[in-house]
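S.K.: Sequence:
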Amino acid sequence: MKEMKVFCEHCRIESECVVYSCELTGTIRGVDYKYKGKEAICKKCGRLVFVPEINDENLDSLYSVYRKANNIVSLEDVRSIPKKYNIGKKPLSLLLGWGEQTLSRYMDGDVPSKHNSEVLKELAINPISYLDLLEANKEKISAVVYEKSKKAADALIREDVIRKENRLCTCCMEVHDVPIVRIKDSIVFKGVPVEFYVNCYYCELADEYYESQDMLSENDIAMKDAYRKKLGLLTTTDIHAIRSKYGISQSDLCVLLGWGGKTITRYEGHQVQDNAHDSILKKLDSDPEWFIELLEKAKPLLNADSYERYYSTATKLLTLVGFTV
164 MKEMKVFCEH
174 CRIESECVVY
184 SCELTGTIRG
194 VDYKYKGKEA
204 ICKKCGRLVF
214 VPEINDENLD
224 SLYSVYRKAN
234 NIVSLEDVRS
244 IPKKYNIGKK
254 PLSLLLGWGE
264 QTLSRYMDGD
274 VPSKHNSEVL
284 KELAINPISY
294 LDLLEANKEK
304 ISAVVYEKSK
314 KAADALIRED
324 VIRKENRLCT
334 CCMEVHDVPI
344 VRIKDSIVFK
354 GVPVEFYVNC
364 YYCELADEYY
374 ESQDMLSEND
384 IAMKDAYRKK
394 LGLLTTTDIH
404 AIRSKYGISQ
414 SDLCVLLGWG
424 GKTITRYEGH
434 QVQDNAHDSI
444 LKKLDSDPEW
454 FIELLEKAKP
464 LLNADSYERY
474 YSTATKLLTL
484 VGFTV
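Each position in the sequence shown, counted from 1, maps to that position plus 163 in the numbering used here.
If you anchor each label on the Cβ, the simulated ranges turn out as follows:
#1 Ala315 - Glu202: 41 to 47 Å
#2 Thr190 - Leu394: 27 to 33 Å
#3 Arg330 - Arg192: 52 to 58 Å
Everything labelled a hint here was simulated from the structure, so no lab data went into it. Cβ coordinates follow ideal geometry from the N, Cα and C atoms, glycine included.
Work the whole structure out from these sequences, hints included.
M.R.: Here it is as structure tokens:
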């Protein structure tokens, strides 16, 4: 709460007002949205006073909620793109094939269409996509603007260098120091847009990116873990952590749960679990007592030493959460 002096349209004089933070409701395209805003109340008449600055702040808050609810690119991301790639609003609009003032309107707060929003979101996170756009449309902008922007995009891509390896580069077929870089990527997987980081080699001689077989495998898991997170599912790391907590092998956990012998191996790798199996694993994570019940039923199918080890670990976990066996 703060006070300010403004013109009260009810009292017709300049008056002291108190500004409160509150929850407000606004309507956009026929849909109501609740958002955190502010209101100014005249201390003299006790009525609501219109303050242009507060109104602008409230509109920004409302449209921010609208963008999040409809998965529209944020205003901050839109405004970051020209600066990130060292390019003006007008030439960037030309690269995108939009009207010259389109990007300016978006940067002033206009809400982009769903299609344009997806384009902007991709550019905000992926310098490689921007470079593709730049190369495909460079004839639409001046050579000077092109060179400056390409330099900025190249720097963004190469700034996250994990390490360099002196190796035969399969891109240029020369032996040289090849950087391994970590870059942000995005894809639509099973109808769901996901963002994730990938590791790849970057050949500076050919200005190309490529992946080894191991990288392809690791990056596929990174993508599927991003998908899992978006759907509220356990990641491969989460599933491995549950197993590690009980000290149980992949195959023995499958025995306990009555699943196929390779199910956990697949879930800790490239296969995304379904909701039913995910719920079972989450229950197992939070309920050592249930683990012990399953362990007792599966005892005839387990190695005696393994059974004793799993039982000992689970009972210690029960003690930690306040239960006794």
